[in-house]
Amino acid sequence: MKIGLFIPCYIDAFYPQTGIATLELLEKLGQEAEYPMDQTCCGQPMANSGCNRDAKETEALFIRNFSKYDVIVSPSGSCVHHIRDNFDAIEQTDEVRHVRKNTYELVEFIHDVLKVREFPWAEFPHKVGLHNSCATLRSLRTASMSELGEPFFSKPKTLLSAVKGISFAAPRRPDECCGFGGTYSVTEEAVSARMGLDKVTDHHDAGAEYIVSADTSCMMHQQGCAERNGVPIRFIHIAEILNGARA
Amino acid sequence: MSNRPVPHARLAAEFLKDEPHRHFHDERLWDMRQKRDEQMHIMPEWQELREQASRLKEHTLAHLPQYLEQFEENARCNGIHVHWARDGAEHNRIVEKILKDHGHSSIIKSKSMITDECEMREYLEPKGVSVTETDLGERIQQLDNELPSHVVVPAVQKLTTDVAKTFARYYNTDPNIDDPHALAEAQRNAARPVLLSGDTGMTGGNFLVAETGSFVVCTNEGNADLSANLPNLHIATLGIERLVPRMADLGVFIRLLSRSALGSPITQYTTHFRRPKKGGEMHVILVDNGRSERLGMDDFWTSLKCIRCGACMNTCPVYRRSGGQSYGSVYSGPIGAIIDPTFNARKFSTLPFASTMNGSCTNVCPVKIDIHEQLYKWRRVLAERHEIPFVKREIMKMAGRLLAQPTMYRLAISGTEVALKTMPRFVLYNYLNPWGKHRELPHPVKETFHSWYKKNRLNRTKTQREETQA
Amino acid sequence: MSDETMSARDVIMQRLKAKKSPQEGAYPLPPVVTLGDQDASPERFEASLALMGGRMLSLQDGEGIEQAIRRAFPEMRNLCTAVPEVEGTLRIEDLETHEQADKVDVMVVRAAFGVAETGGIFLSEVELKDHLADVHLAQHLIVLLSKNELVGNMHNAYQERSEFRTAGYGVLMSGPSATADIQGVLIRGAQGVRSLSVIWA
Chain A
127 MKIGLFIPCY IDAFYPQTGI ATLELLEKLG QEAEYPMDQT CCGQPMANSG
177 CNRDAKETEA LFIRNFSKYD VIVSPSGSCV HHIRDNFDAI EQTDEVRHVR
227 KNTYELVEFI HDVLKVREFP WAEFPHKVGL HNSCATLRSL RTASMSELGE
277 PFFSKPKTLL SAVKGISFAA PRRPDECCGF GGTYSVTEEA VSARMGLDKV
327 TDHHDAGAEY IVSADTSCMM HQQGCAERNG VPIRFIHIAE ILNGARA
Chain B
23 MSNRPVPHAR LAAEFLKDEP HRHFHDERLW DMRQKRDEQM HIMPEWQELR
73 EQASRLKEHT LAHLPQYLEQ FEENARCNGI HVHWARDGAE HNRIVEKILK
123 DHGHSSIIKS KSMITDECEM REYLEPKGVS VTETDLGERI QQLDNELPSH
173 VVVPAVQKLT TDVAKTFARY YNTDPNIDDP HALAEAQRNA ARPVLLSGDT
223 GMTGGNFLVA ETGSFVVCTN EGNADLSANL PNLHIATLGI ERLVPRMADL
273 GVFIRLLSRS ALGSPITQYT THFRRPKKGG EMHVILVDNG RSERLGMDDF
323 WTSLKCIRCG ACMNTCPVYR RSGGQSYGSV YSGPIGAIID PTFNARKFST
373 LPFASTMNGS CTNVCPVKID IHEQLYKWRR VLAERHEIPF VKREIMKMAG
423 RLLAQPTMYR LAISGTEVAL KTMPRFVLYN YLNPWGKHRE LPHPVKETFH
473 SWYKKNRLNR TKTQREETQA
Chain C
978 MSDETMSARD VIMQRLKAKK SPQEGAYPLP PVVTLGDQDA SPERFEASLA
1028 LMGGRMLSLQ DGEGIEQAIR RAFPEMRNLC TAVPEVEGTL RIEDLETHEQ
1078 ADKVDVMVVR AAFGVAETGG IFLSEVELKD HLADVHLAQH LIVLLSKNEL
1128 VGNMHNAYQE RSEFRTAGYG VLMSGPSATA DIQGVLIRGA QGVRSLSVIW
1178 A
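Chains as they are written, first to last, in this note's numbering: chain A, 127 to 373; chain B, 23 to 492; chain C, 978 to 1178.
Any given hint might turn out to be false.
Said to hold, decoys possible - Covered stretches of chain B (chain C as the covering partner; in silico rule of three or more C-beta atoms under 8 Å from a C-beta of chain C):
id	segment
1	105 to 113
2	246 to 253
3	264 to 277
4	316 to 323
5	423 to 435
Just so you know, these hints were derived from the structure itself, not from any lab.
Where a beta carbon is used, it is the ideal one built from N, C-alpha and C, also for glycine.
Required output: the full structure, derived from the provided sequences and hints.
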């Protein structure tokens, strides 16, 4: 299986350790993953702003970069959601369909495709609050949604439960959006920041030392809100914990 | 009506400034969502009910002309006068004429979103007709001259102290009352004489039943039963999409409506009107006002399935923190954001962007409207029609170009890296002003993933290859 | 014909027929469903009624209905009755004005049936002797209900009870008038009756 690694722009620029952990984790799990050097973005910022036409060239570049792989894996739920569900600014050729069908968010790839449940090298002796981004929760469906009353399941929690020493905080509103929303974070900054502060406060009040998520974009926003308001909580991507980070 | 785009972001920011209001609003609506969840959890058939409700509504909308004809015929047989209004203005003229024919001039009225949509009070009051809202929340909004904040709890953005001040102005009560019971009692006492002297009763309606020519009004206060039955003239206004085919279908909708809205098993009063009372006269006005046009929109027609429960508003994290007034419309929250642009695409062009597209609204909708997907589609429609700000359009165009060219993109990224490390804080926060207003920026890093990969994998692979070759 | 010369009805119908997006064949009429708990027991009714803010009024040993009402409302100045079982101080048929009804302390009526799921009771012009508004003007409401006239849930109600097809006015009251429009505080007795009590009879 030839894996193409998609590291979105903000991870590339601000959270390289998440990209590194993703790659190393895949390698630990016996996979060969390659990072195409010409990659930029999936086109989501333009598409979510309604400017779908402006995403066309970016989507085309994405296909040029990734169509040669059997699967594409990314540590970003929201980007994968865009590729899978909304990537339609370009013509839907066989190549495009192949890419859209075979792009996975890291947790679902490990959980559903590799079906790995053990990470013997991983130990994280901390209480964590799990943040499911809205894209992983309600689009990729990697966890049960509180609005539907469905039986509980959580792919990220299943994976994290194999990590030695970890424990989970129970926030009051586990499924509440943190308010990032891509360009929403700047177009409606006041509401967005309020939601972010409420989110980190909820986790902190539940005793979480860390917020862990499969979406760095949500955490970038939450971290900004926590730091500005002095909420003492740290942030870590699930890839880093599964890869063996201790703190 | 002003055509200027509703400044939702600014109005929401203002709403957030007052801690007690902000906090109460969020918690109150969240509590309604929690109560809704409790009802769902004790009903294993919940998802089946939603599916049935959705299919019934879709069927009805696909056959709307037949069902409207069937309703009209049956209602007429029952002795109800049926009127049709193409738009709000025509609706208001119909009401005016009915009143004129009877020499009437005072309407007592239960809560109805559609008469607000038609701006009926604004039309009738200058003509000497008094219109008194009898629902407590709607009355508060009327006295304050504000649109309803929420489809079910119109004054949910207010605290007891706000209501006390308003009532003091109009009912001569103590402006410092802090007991909601005392205020509700003041409203009851003020409303009774008005109810007893009103010459015309008006209600909205939640459902029209084609099979029997009847309509259903759901309230908790019982004010619709008083408003409709006290005078000898009852006028009910309903949108043409309110239809259900059969009486038996009401079981599905009534079981979902109040549970979705407030988390109560049913509204205190579920009232079925089928013919005028003895000696009375009954009129039903069926209003289009853009609905037929919406039914022709491939991407948006299912928004007509809405039964106005407000569940999407209660769950919406943006609505809970913005307040209903920030939507500048009769219909606020997620459902408002997808139907308001059908009334005025420019004025309400900001509303589909007042969302993080988290999708919770879609999950709670009892008739399964794909609300967040329609928000996404509206963004596209509005961008294509140039109904989004010029600056945003330009930024997106530039971003689209930049992200399509790896070399230029790399240059830009390295620029950011340098900027984050070297630029003084105030310059950065001005440049990235909206982000930085209430948030810190991400921390600068030593190197991008891109350069790490180049160093640690590409070069390593190359070295290994060279070693193997050697 | 242009919009100007056609009736509003015809214009709306024409618009609907011309533009409608959903196609008829794609959306067949789903069959009527009966879902969920259909338990029609008095115990379920009582629990639901309590949840909706209503209450049961049970007769003590040897006590008649009217005695029980007088016991529950000792301050009552008048008792308006729509049932033969209770004599009261005035009969609903004798109410001549709404102002008279506005002064009624307690009204007693018989419900056609009750719904166990919601604690709802059904009243129409038949039970109200055409005094549709007067029942809502009274301060308190007593409802006589037969245990034999209970349906399980709202599906059962609409499918089994013919009153929905025969009544001109039919209200399902589940508990008393209520509001939570001021700061979310639940208040019983907003505009209509302040309390609703059911007596099995």
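Hint-by-hint comparison with the structure:
1. With 5 residues carrying a beta carbon less than 8 Å from a beta carbon of chain C, the segment 105 to 113 of chain B meets the three-residue requirement, and the given coverage holds.
2. Note: the segment 246 to 253 of chain B has 4 residues with beta-carbon separation from chain C under 8 Å; the three-residue rule is met and the coverage holds.
3. For the segment 264 to 277 of chain B, the stated coverage by chain C is satisfied: 10 residues place a CB nearer than 8 Å to a CB of that chain, which reaches the threshold of 3.
4. For the segment 316 to 323 of chain B, the stated coverage by chain C holds: 5 residues have a C-beta nearer than 8 Å to a C-beta of that chain, and at least 3 were required.
5. Counting residues of the segment 423 to 435 of chain B whose C-beta sits closer than 8 Å to any C-beta of chain C gives 0, which falls short of three, so the coverage hint is violated.
In this structure, only the earlier hint numbered 5 is contradicted, and the remaining ones agree with it.
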